[in-house]
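Reconstruct the complex from the two isolated chains, following the hints.
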Amino acid sequence: MDDANNHLSAPTPPAEQAQITLARFHETVLPHLDAAYNFARFLSRDPDASQDIVQESFLRAYRSFWQYRGGDARFWIFAIVRNSYRSWAQGERRKARVEFPLPGNPDSGNEAEGPAAHAFACDQDTPEMALIRKSESLRVREVIGMLPEAMREILVLREFEDFSYRQISEIIEVPIGTVMSRLARARHEFGLAWKALGNDQGSLS
Amino acid sequence: MNEPISLSCPDWAIRLHSLADDALDPETTLAMERHIDGCDACRTALTEIQTMKRRIKQDEVRWAAPDALRTSIASAVALEHSQAVKVAPQPTGVSGPTLLTRVWQLVGRWGAAPSMAALGFAIILTFNPVRDGGLQQEVLASHIRSMLANHLVDLQTSDQHTVRPWFNGKVDFSPPVVDLADQGFPLVGGRVDYLGGRVVAALVYRRNDHIVNLFVWPNHGPVQPLRTSTLDGYSFARWSAGGLLFWSVSDASATDMSAFHKLYSARTGF
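In order, the protein sequences belong to chains A and B. Mind the numbering: the first sequence is residues 5 to 209 in our numbering, read in order. Mind the numbering: the second sequence is residues 17 to 286 in our numbering, read in order.
Isolated chain B (complex conformation) (with noise of 0.2 Å):
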């Protein structure tokens, strides 16, 4: 214990690190510690090494995970669960055998006592929005995509002057642009989507930790009232007014796209 340590050795350089680090065994610990009290350059270089460790170890010196990447990791970890929720991996769009997967589907879920009303109601549940339904499937690809793929938005802006006039030329119709950070949905920015065939404005919006992803297009069918429906654990609300159609789609609750929607027609009048 008593030998004399020579301190050009690298092995009593390192040992000092791990003294400061508290990775000595308790009998090392002591020794060093004993050295230590008798020698002003060991204790010099001790002290330097804590300066420095509490140096780099201030919390200001970390960096922080960006929000947008704690959302984007949230959506691209909910879809692989969704993904392995599935019986069969589903195509997007409707094509004839993913309907009839779904009926089967259906059937089996009824289980022993497949009675005919219920066959027949899974039917109408199943048929009755088709045409919406492939939409859906492309709503929902498209807003996951948006969040994978690193391309949330074109324009990032809250600035609802902004954005509006950002969609002139790059789509043929005006789409109504709104912040609603007063009432938690703050606008992220815009973006051009291609859905149903057709090039389509999406604005973004931020629920906490959620993305909502609102689809506006010229409407040329008859009027829509209001539907939202859920799919994978995501909400939608169409509607369309003025002309226009509107598909929000968010994994924020239903109750906060209830929200959204008449927040929004209110605001707009769309």
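Next up, chain A with everything else stripped away, as it sits in the complex (with noise of 0.2 Å):
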């Protein structure tokens, strides 16, 4: 009986550590999951990827997480989300190099047609669905999408999560003056490209 009792009350501090731990990372973690996807979907405009970079990014984060010291999670676990979809990027390159070995191949001539031809081939989208759709937020995504990576990187930082200039300089490693000019000219970019779809002129008056 008190042999029982001893055991089911026996202190097992490694378990009970990792037990607060588990807590502790569904608490402040997880909560970033959507805002995580969010940014892994408009890096790599791939449903798929975004799925398995967020996957990894969040194991990584947990097998990591006695590193964590508090702070902003969401600061955090972005950083992570960066780099996986970084290697994922890499692998795609090294991918996209078995498949186009010549360059200068005018096979492989559409890989030049510039990034809208590549937002148009990515995230399900067909032309017809492009036409079809009619709602403001729609465009909006599509937009985003044809722009460069750094550019649909520093805009989702800075339009979705609001990171401060600081913050967003430590994610993507570059100087705080390189955020300024890159967010004037991501936001630039995406204005022309608003136009260029024909949308308003941006209702200004």
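Keep in mind that the hints are not guaranteed to be accurate.
For lysine-lysine, the following DSS-like pairs were computed, each having C-alpha atoms within a straight-line distance of at most 30 Å [claimed, not checked]: (1) K199(A) with K69(B); (2) K186(B) with K278(B); (3) K73(B) with K199(A).
Please keep in mind that the hints were generated in silico from the structure rather than gathered at the bench.
In structure tokens, the structure reads:
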């Protein structure tokens, strides 16, 4: 009887520690899943890859959770998502090189059609769907998707996540001056693409 | 402050963005605002930036994480957790050393007063379900793998009439399939899996954020009454009926799992 009770209440510090870690992880990091997915999705423009990237990021985050010293968990997970994305993108580029071994080959010319062609090829987008879509929010997604990677990245970090210039500079590992100029450029390019797609002139007045 | 500002200066354009982002110190903000009051071009540019910011920052523009991803991350983290909790990593399947280790763990936990009764109890606990224990590890491994490897279902549909025929030709028996969405266990789909040295049917259900795997294969042994167990925070139920053997596994609560068994059996007659 006593033995059984001892068994049940025996202190098992490592297990308890792990339990606390798990609970803390659930409380502090998991709530940022949607934001992390949004980031991965805009970066990769690929729904399946986004899931893989985010899953890997959260696992990495859990494994290194003991290093987390409080502070903005969202900031922390975003840096990890960005790293996971970059590994994925590197793999994709390697694959692309295997598929198109001759960059000068006319067969691979469609690769050079620019970001717009690429955006349509991704995210389950077909030109037909692009025509059908009506709502402004979908057009915003589309326009962001047409921008180069660095521009997509900084727009998500600033406009969706409201990270400060300083936080952005740490996440994307560039000086703060670069953050400012890149943001200005990203917005400029967004504006151009928005108008080029026949959207209103910005409803300025 | 009143010096003329060249609008073609890139620094100035960037500062307009910083103003829109509320990222300037108060003094500069004030100076900027004073200038913008009297400058149509700058006012227009600032409004344009603000409009764009509002346009981008709409909730509907954001992508939301799919439920499957949420579930799969929670499971993957739970798996990591359960591995961290284990005193020593245990291989799946029951082998001699694992059993010995387990017994010694139990003996160790019993502490300074290892009565023979307690030891005997431990041995009964450990050895009695020994055949199922190996299978239980396999069932758990398969359950976890199904979520990690992005291979939850081969056939994704909540239509029970699609799932059952789908197994034809894939397995040599016909697993009873029923959608229990009205009872809070929606059918997610089906999968063919490999357990205990044979091909089995796996039916996948969802309970809130938890995934339930129900493995089904022919029962060549005696009839088995319902037995439930837990391992590493996962709940198991196993029973046999109508010549088939059933194993369910999930990280849902034991209460949920018991409810699942009752519902499934009542609806299918198995």
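Consistency of the hints with the structure:
1. K199(A) with K69(B): Holds. K199(A) to K69(B) sits at ~15 Å (cutoff 30 Å).
2. K186(B) with K278(B): holds, 27 Å
3. K73(B) with K199(A): holds, 18 Å
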